[in-house]
Amino acid sequence: MGSLLILFAVSPISSSGSAGLSDAAILAIAEQSFAEGTALRNDSAKARPAFARSAIGYDELWQRGYRNPDLTLNRAHAHQLAGDLPGAIAALHEGLAVARWSRPLQVALEDARSAVGYPLIGDLASQCRPTSSPTIGNRMSPAEAWSIAALLWLLACGGMARFAMTRTGWWLMFAVLAMAALVLLGGVWLQDYRQRQREAAEPLLIVADDVFLSKGNWNSETYMPRLEPKLPRGVEVRALSHRGGWVQVRLASGIIGWLPESAVVVVGSDL
Amino acid sequence: MKDDPGRKPQSPNKDSHPVFRSRCAWGACLLLLLSSSSLLSQIVSQGEAPLINQPSANFYHAQGSAVKVSWSVEPKVVPDGGELTATLIITGATNPRRIVRPDLKKLIDFQSRFAITDNADPPPGEGATEVKFSYKLRPQNRSVDKVPMLEFYFYNPAAPAGKSSFPLTTARAVPITVTEAPKNEPPVIPLGEPDRLFVVATGQQLLEKGQFVPDYWLWLVVGLSGPLCALGWFVVWQRVFPDAVRLARMRRSRAARRAIDAIHRAHRTSDPPAVIAVAVLGYLRTRFPFPPGAATPSEIESALDELRVSTPDCVAVAEFFRTCDAARFAPPGDNGASLAADAEALITRLEGA
Numbered sequence: 001m002g003s004l005l006i007l008f009a010v011s012p013i014s015s016s017g018s019a020g021l022s023d024a025a026i027l028a029i030a031e032q033s034f035a036e037g038t039a040l041r042n043d044s045a046k047a048r049p050a051f052a053r054s055a056i057g058y059d060e061l062w063q064r065g066y067r068n069p070d071l072t073l074n075r076a077h078a079h080q081l082a083g084d085l086p087g088a089i090a091a092l093h094e095g096l097a098v099a100r101w102s103r104p105l106q107v108a109l110e111d112a113r114s115a116v117g118y119p120l121i122g123d124l125a126s127q128c129r130p131t132s133s134p135t136i137g138n139r140m141s142p143a144e145a146w147s148i149a150a151l152l153w154l155l156a157c158g159g160m161a162r163f164a165m166t167r168t169g170w171w172l173m174f175a176v177l178a179m180a181a182l183v184l185l186g187g188v189w190l191q192d193y194r195q196r197q198r199e200a201a202e203p204l205l206i207v208a209d210d211v212f213l214s215k216g217n218w219n220s221e222t223y224m225p226r227l228e229p230k231l232p233r234g235v236e237v238r239a240l241s242h243r244g245g246w247v248q249v250r251l252a253s254g255i256i257g258w259l260p261e262s263a264v265v266v267v268g269s270d271l
Numbered sequence: 001m002k003d004d005p006g007r008k009p010q011s012p013n014k015d016s017h018p019v020f021r022s023r024c025a026w027g028a029c030l031l032l033l034l035s036s037s038s039l040l041s042q043i044v045s046q047g048e049a050p051l052i053n054q055p056s057a058n059f060y061h062a063q064g065s066a067v068k069v070s071w072s073v074e075p076k077v078v079p080d081g082g083e084l085t086a087t088l089i090i091t092g093a094t095n096p097r098r099i100v101r102p103d104l105k106k107l108i109d110f111q112s113r114f115a116i117t118d119n120a121d122p123p124p125g126e127g128a129t130e131v132k133f134s135y136k137l138r139p140q141n142r143s144v145d146k147v148p149m150l151e152f153y154f155y156n157p158a159a160p161a162g163k164s165s166f167p168l169t170t171a172r173a174v175p176i177t178v179t180e181a182p183k184n185e186p187p188v189i190p191l192g193e194p195d196r197l198f199v200v201a202t203g204q205q206l207l208e209k210g211q212f213v214p215d216y217w218l219w220l221v222v223g224l225s226g227p228l229c230a231l232g233w234f235v236v237w238q239r240v241f242p243d244a245v246r247l248a249r250m251r252r253s254r255a256a257r258r259a260i261d262a263i264h265r266a267h268r269t270s271d272p273p274a275v276i277a278v279a280v281l282g283y284l285r286t287r288f289p290f291p292p293g294a295a296t297p298s299e300i301e302s303a304l305d306e307l308r309v310s311t312p313d314c315v316a317v318a319e320f321f322r323t324c325d326a327a328r329f330a331p332p333g334d335n336g337a338s339l340a341a342d343a344e345a346l347i348t349r350l351e352g353a
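Note that the protein sequences, when read in sequence, are chains A and B. Number 271 marks the last residue of the first sequence (our numbering); no jumps. Number 353 marks the last residue of the second sequence (our numbering); no jumps.
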């Protein structure tokens, strides 16, 4: 274990460097680094590197396919405590991509967003704050939806069978109601599916460093149309296109501009 | 005149000094006489008006025949931005309490190299043989490599004829080293994040791969299981409850369904036997081509018999209507519930016939 810790501390875990480590070993190292950072929490200069090592370990597990809400929360906590707020927000979005219904992840994302230094005044204050449009997928897991749909379908079929037995109108009405509920559930899931398709068409980016949102093209270094003030790190934007090291993005309010590709983190690039 | 340390310096007005009160013609002669006299030494020691040949700079009123000066520097290695203490040590002076502190701020060699602060040195005591003047020197930059030489003129009253009465001695330069300023340790700042961030899940639950997401096969299973379960239930129901099957089939007859519905509602009326009798009679008239006049139990039995309904059924129908009449007109002894059950059983019997 000691040699693993040295490896962890000296070189960041990469796909090549961690190839020889088992999943359990990486988890143990990540947990130990996190505990070390927690013990050093009174000295941020010493604690943050420990949390950064822990975040690297959790990220590696995520890359290896262990995608569950608990690991997502650990990643987000480690990144945020390491001073990497954009990384924490990106981790939470990646977790929500596979478990959108997870209430703890939703709460953690709201908390992380509250730590973003949005400008207090000016147009930008309201332009870059993310807006949420909850759908059924944010409240119900696919397993729960499957269970409810199966129950409604069985009730509808059972109602029809009972109506065939008794020729009583109430059973027919019961079956119709169950079918209506089933259709309603399918409708909201279809809406959720379409929204996910729209979101997938415009990848989510997180601003990694304070940066100006440039507006349009410019021909002179002396004039660069841009939105004042800088976008704070942690702001969520949607990517529209890429060109020459720049990415065209859209803010939550719909404003479109350009950011350097080096100033953003792509969420879920591996998903 | 005696050397009086408490005496105030006299005015530099040469008209008030005895030497300059004399006439000009006698001035040079008198000055030559005074140069070797104790009176002049007293004047020099008191730091008063300049004398002939007195240096205009670097003369600090030291007197003696073998005055020596030197620098004592501590430390000789100082970090950039730090301070060192330079002490000027004057020895061999006969008037140590009259020596004036050299003002290094007025010396370009010092002023260009150091930020200078005079220390508050105690005055030399009675009988002291040396004088010390100390300074705090902070090098301006890392290129400063020495405490410069200090020129120091003093008055030698015993200077032989032909030699200057104001010889020069020097405090030799002292090399120093200015090192890189030590990096300031950043202040210890605790993490300000909320406590909940320091809590993480541990254990093997972190190594679970994803959540249960139903695939197409599971949806297909559910889609097929509903109709299959309903069909199975129906088949089992037919096997287990054959009478119920017959009743259900019977309910497919509109006349029977209407009669049974009326029978079920009869208990809500004021005269259930009459309602039940009318419902059964209506059923019979719809189901069988009854003559319009058949209304009594006997007439109904005869009509059914003519329609080739089995005799037991005819008897049962007649008996039912007699029971109804008894319930309507005889003293209380029966109730609507039993009549309704009988009526439903009678209709079922006729539907199954």
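These aren't lab readings, by the way, just hints derived from the structure by calculation. Each residue gets a CB set at the ideal place from its N, CA and C atoms; glycine is no exception. Among the clues, some could well be false.
[Stated by the list, open to error] So the derived label-pair ranges between C-beta atoms look like this: (1) A:Gly20 with B:Ser143: 21 to 27 Å; (2) A:Asp209 with B:Glu74: 46 to 52 Å; (3) A:Arg198 with B:Gly192: 58 to 64 Å.
[Unchecked claim] If you want a taste of the chain B side facing chain A, the calculated C-beta under 7 Å gives, among others: (4) Glu193; (5) Ala201; (6) Thr202; (7) Val222; (8) Phe234; (9) Val236.
[To be verified] One-sided and incomplete, this derived list gives chain B residues near chain A with beta-carbon spacing under 10 Å: (10) Leu107; (11) Ile108; (12) Phe110; (13) Arg257.
Consistency of the hints with the structure:
The supplied range of 21 to 27 Å is broken by A:Gly20 and B:Ser143, whose beta-carbon atoms lie about 53 Å from each other. Roughly 49 Å separates the CB atoms of A:Asp209 and B:Glu74, a value that falls within the hinted 46 to 52 Å. Taking the beta carbon of each, A:Arg198 and B:Gly192 are about 38 Å apart, not inside 58 to 64 Å as hinted. At its closest, the beta carbon of B:Glu193 sits 6 Å from a beta carbon of chain A; the interface hint therefore holds under the 7 Å criterion.
A distance limit of 7 Å between C-beta atoms decides the matter here; for B:Ala201 the minimum to chain A is near 4 Å, and the interface restraint holds. The beta carbon of B:Thr202 comes within 6 Å of a beta carbon in chain A, closer than 7 Å, and the hint placing it at the interface holds. Using the Cβ-Cβ criterion of 7 Å, the hint placing B:Val222 at the interface with chain A is satisfied: the shortest such distance is roughly 4 Å. The restraint placing B:Phe234 at the interface with chain A holds, with a minimum CB-CB distance near 5 Å, inside the 7 Å limit.
Hint status for B:Val236 relative to chain A: violated, with the closest Cβ pair at about 10 Å, above 7 Å. Taking 10 Å as the C-beta cut-off, the interface hint given for B:Leu107 is violated, the closest approach to chain A being about 45 Å. Here the hint on B:Ile108 is broken, as its CB sits about 45 Å from the closest CB of chain A, past 10 Å. The restraint placing B:Phe110 at the interface with chain A is violated, with a minimum CB-CB distance near 41 Å, outside the 10 Å limit.
This hint holds: B:Arg257 has a C-beta 7 Å from the nearest C-beta of chain A, less than the 10 Å allowed.
In this structure, the earlier hints numbered 1, 3, 9, 10, 11 and 12 are contradicted, and the remaining ones agree with it.
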